[in-house]
Amino acid sequence: MTLFFICSWACFLIFAWLISKKFDYTKPHIGIILLFIFFGCLSVLAPTFTNTILAEKTQLSYYGMDPVTTALSMWLGPGLCEELSKMICVLLPMSLLFLLDVKIGKHGRILYAVIVAMTFSIIENLIYATWMELSDIQMIRRGCTAVPLHASMGYMHGIAINVAFSKRSIVPLLVGFFVTSILHAFYNASPQIIYMLVSSLTDLTVIKNELMLKMISWVMIPTVCFYSAFCCIHWLRINELSEEIE
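Numbering that gives the first Met the number 0 numbers the first residue of the sequence shown as 0 and each following residue consecutively.
You may find that some hints are simply not true.
In silico EDC-like pairs for lysine to aspartate or glutamate, Cα to Cα no more than 20 Å straight-line [what the hints assert, rightly or not]:
{"no.": "1", "residue 1": "166", "residue 2": "123"}
{"no.": "2", "residue 1": "102", "residue 2": "23"}
{"no.": "3", "residue 1": "26", "residue 2": "100"}
Calculated from the structure, these hints are not laboratory results.
Could you put the whole structure together from the sequences, leaning on the hints where they help?
Written out as structure tokens, the structure is:
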């Protein structure tokens, strides 16, 4: 239970904040929430397979010394594969609900997309905590960075779905997918690329770990804060009773 809490505390805070700022006139159905949590669990399967293939069967490396291959790896793996899987696992249950004539407002579509993304992040955290044996402090740090990142990407998926629903076009879905894949890859790759550039000019035999921690603070935290701020502002502007895209 303690492990689950450490891996999921940020998700519960984000969910509580989203609910508290909307749903004054409508309420999310617990059955629908559980449906999207289930699909959020499924969204982990494909990226786990593809990330393993990229890391073990190709020349690409997430932590190599070539900035180009590192950036490409982060885009193909955490970027394209993870965001595609999460978006598909939002669209499938949402399409099912549409066929069943279940009405979901634009704020609901965003909330359910975020739920899928946060479920993904909880399972990812559990994998990191058990398989990679990250410490409790490291997992708490992930709650402040990786979890808001996934939630923000899910939120942007929700925006793309809303626009696609309004325009009756698949183009916004493609745009939303590629935008989130690039934003996700930038978040993951930028500290490593900066670290490699600095290490080529400096002797890091002593200060390697300290410098890497600073890179994470300098790049990852401001990046995820920017993504989160955009989503928070957009959420506060949504009119719960309107279907117009703002």
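Cross-check of the supplied hints:
no.: 1; hint: 166 - 123; result: violated (34 Å)
no.: 2; hint: 102 - 23; result: holds (16 Å)
no.: 3; hint: 26 - 100; result: holds (17 Å)
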